[in-house]
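What follows is the residue order along each chain.
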Amino acid sequence: MNTTFSFYRLGLLLNRFFVENKQKELTFWAIAIVVFMLMYNAASVGMFIIIAGFIFASRIYKSFGYTPGGMHYLLIPATHLEKLVSGIILSTIYFLIGVLISYMLGNTIGTHLGNLIFGTNNEVNLQLFDFSNKMQYMDSGTIYPYIDMFIGFAIVQSIFLLGSIYFKRNPIGKTFLAIIAFSVVIGLFEVFLLKLNFDITSLQHENININILDLKSMFPGAETFGQIIKFSIAPFFWVVSYFRLTEKEV
Amino acid sequence: MVNVQNVTFSYTKKAELLTNLSLKLETGRIHGLLGKNGEGKSTLLKLISGLVFPKVGTIDTMGFNPSKRLPEMLREIYFLPEELPQLTLSIENYEKVYAPFYPNFSAEQFNNYLKEFDIDNKKSMLNKLSHGQKKKVFVAFGLATNTKLLLMDEPTNGLDIPSKGQFRRMVASNIDENRCLIISTHQVHDLDSLIDNIIIMEHHEIVFNQPIEEITKKLLFRVAERNEKTDHVLYSEDTLRGLYQVCKNTTGEDSKLDIELLFNAIIVNTKEISKLF
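Listed in order, the protein sequences are those of chains A and B. Following my numbering, the numbering of the first sequence begins with 134 at its first residue and continues without gaps. Following my numbering, the numbering of the second sequence begins with 49 at its first residue and continues without gaps.
Any given hint might turn out to be false.
With a cut-off of at most 20 Å between alpha-carbon atoms, the simulated DMTMM-like pairs for lysine to aspartate or glutamate come out as follows [stated by the list, open to error]: (1) Lys157(A) / Glu140(B); (2) Lys103(B) / Glu380(A); (3) Lys163(B) / Glu140(B); (4) Lys195(A) / Glu323(A); (5) Lys144(B) / Glu380(A); (6) Lys103(B) / Glu253(B); (7) Lys296(B) / Glu262(B); (8) Lys116(B) / Glu380(A); (9) Lys323(B) / Glu262(B); (10) Lys176(B) / Glu153(A); (11) Lys196(B) / Asp244(B); (12) Lys296(B) / Glu320(B); (13) Lys266(B) / Glu301(B); (14) Lys144(B) / Glu153(A); (15) Lys103(B) / Glu382(A); (16) Lys116(B) / Glu382(A); (17) Lys61(B) / Glu153(A); (18) Lys62(B) / Glu382(A); (19) Lys196(B) / Asp224(B); (20) Lys301(A) / Glu382(A); (21) Lys62(B) / Asp238(B); (22) Lys301(A) / Glu131(B); (23) Lys212(B) / Glu202(B); (24) Lys319(B) / Glu253(B); (25) Lys170(B) / Glu153(A); (26) Lys171(B) / Glu153(A); (27) Lys212(B) / Glu253(B); (28) Lys155(A) / Glu140(B); (29) Lys195(A) / Glu131(B).
Hints are computed from structural coordinates only; laboratory data are not their basis. Source: prediction; values computed, not measured.
Whole structure, please, built from the sequences with the hints as guidance.
As structure tokens, this is what we get:
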């Protein structure tokens with residue numbers, strides 16, 4: 134018997150999710166299609182995906198919200214790793230695929246329905262995937278914007294996934310508070326650095342002569358370091374979630 | 049099967065719930081875990097199954113450290129909690145989803161137990177069932193998993209009178225020499241003639257752990273007249289039907305064990321009774 138990871142048990146865990154949440158899932162995806170039929174703007178669509186995404190991630194381990202549910206979940210004969218991987222697959226891969234399919238379907242149906250009702254002749258325009266006007270992607274290949282989009286999404290999901298294991302009650306609100314608290318600490322650290330280096334507390338109306346566009350020559354290796362950080366954030370939160378799951382008591 | 053060694057546990061830093069508790073449980077028996085409210089019975093079951101971890105001491109459950117919650121151990125444990133989880137599933141789907149996790153699960157047994165409990169419609173949603181009905185489904189499923197270790201926390205709570213008898217019959221027919229059942233309860237009458245080992249918790253410790261045959265060998269349970277003089281009385285309760293007594297069994301006389309009387313006797317006279325074993 135495989136004591137670390139079994140794809141069979143992972144399959145059973147995923148099956149458990151879909152059977153238990155079939156009705157809710159179908160309802161959610163139907164609502165998402167309707168929302169995307171009415172929503173065209175890429176920023177609004179992105180915002181909807183992010184908000185719906187972290188709500189979804191926060192509900193992956195909702196069983197921990199009440200003791201009998203937590204007991205039932207922890208006693209399912211599967212490893213902590215399998216339970217975590219099922220959570221990652223559902224919150225990151227399944228949700229993203231589902232929401233993008235809903236977006237394409239909703240957008241296509243919405244456009245054709247609009248044409249039919251208003252007698253227009255609009256073409257289907259999936260603005261969410263249009264990166265032609267984004268400066269940072271002009272020189273790079275076509276795949277980079279998608280990778281960045283996925284990484285950003287995975288980071289948000291991983292933070293809320295950890296929140297759903299960590300906080301018993303109201304994981305969404307408490308994860309938000311934790312993010313705010315962390316941001317405040319980072320902000321204070323920034324103020325401290327400004328004070329230390331330039332004897333100021335804010336960059337507003339200050340004339341500091343640093344060419345931040347020339348980052349490469351100023352800090353050689355900074356870009357690589359940034360890339361490493363970017364790719365490590367989500368796995369970092371997954372590792373923390375794993376340990377939190379192993380030490381979870383109900 | 050289960051070996052708890054010098055375990056100390058607390059939910060808060062201030063008060064210890066279990067202190068230096070040790071307990072050995074043999075396979076092939078139905079152990080009745082008795083104690084007043086708040087003594088730590090449910091916590092002990094949680095410790096054995098790995099839902100909480102001991103602060104001090106070790107626990108061995110079927111050769112595993114329960115804190116690791118390995119699937120090899122979990123597939124041989126079924127825990128029926130007092131409060132049941134809220135699942136939006138039909139009985140049929142519950143079986144489909146959870147039965148594959150338990151290699152010895154028997155669908156035939158599950159169907160027979162449900163039938164015995166008068167639950168005919170497997171399409172019924174678990175969240176729409178009454179507490180008692182839901183408990184019957186979980187009891188039936190737990191017995192059908194054929195796990196080596198079954199932990200039941202107040203299993204008869206919420207069951208109607210006929211179902212309590214059915215429950216006793218099912219459990220008695222299901223437990224063999226390879227399985228071990230621990231039932232935590234304060235409804236001792238429900239488990240009369242079912243349990244064959246009695247464990248009593250008092251002041252967060254195990255104060256008594258003896259098989260029934262040993263208890264009836266050493267203790268005599270009798271009803272005496274009020275004016276009757278008897279020797280070797282360890283505990284006495286005045287009731288409308290006379291004096292219910294627990295005495296030293298000096299003559300080797302057979303008597304029917306009264307669990308409630310034994311429990312009260314041990315709470316009042318722990319030292320004297322423990323000395324006999």
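Results for each hint:
no., hint, verdict
1, Lys157(A) / Glu140(B), "holds, 19 Å"
2, Lys103(B) / Glu380(A), "holds, 13 Å"
3, Lys163(B) / Glu140(B), "holds, 14 Å"
4, Lys195(A) / Glu323(A), "violated, 36 Å"
5, Lys144(B) / Glu380(A), "violated, 29 Å"
6, Lys103(B) / Glu253(B), "holds, 15 Å"
7, Lys296(B) / Glu262(B), "holds, 12 Å"
8, Lys116(B) / Glu380(A), "holds, 9 Å"
9, Lys323(B) / Glu262(B), "holds, 13 Å"
10, Lys176(B) / Glu153(A), "holds, 14 Å"
11, Lys196(B) / Asp244(B), "holds, 17 Å"
12, Lys296(B) / Glu320(B), "holds, 10 Å"
13, Lys266(B) / Glu301(B), "holds, 9 Å"
14, Lys144(B) / Glu153(A), "holds, 11 Å"
15, Lys103(B) / Glu382(A), "holds, 12 Å"
16, Lys116(B) / Glu382(A), "holds, 11 Å"
17, Lys61(B) / Glu153(A), "violated, 38 Å"
18, Lys62(B) / Glu382(A), "holds, 18 Å"
19, Lys196(B) / Asp224(B), "holds, 10 Å"
20, Lys301(A) / Glu382(A), "holds, 11 Å"
21, Lys62(B) / Asp238(B), "violated, 35 Å"
22, Lys301(A) / Glu131(B), "holds, 17 Å"
23, Lys212(B) / Glu202(B), "holds, 12 Å"
24, Lys319(B) / Glu253(B), "holds, 13 Å"
25, Lys170(B) / Glu153(A), "holds, 15 Å"
26, Lys171(B) / Glu153(A), "holds, 14 Å"
27, Lys212(B) / Glu253(B), "violated, 29 Å"
28, Lys155(A) / Glu140(B), "holds, 15 Å"
29, Lys195(A) / Glu131(B), "holds, 17 Å"
Checked against the numbered hints given earlier, this structure breaks hints 4, 5, 17, 21 and 27; the rest are met.
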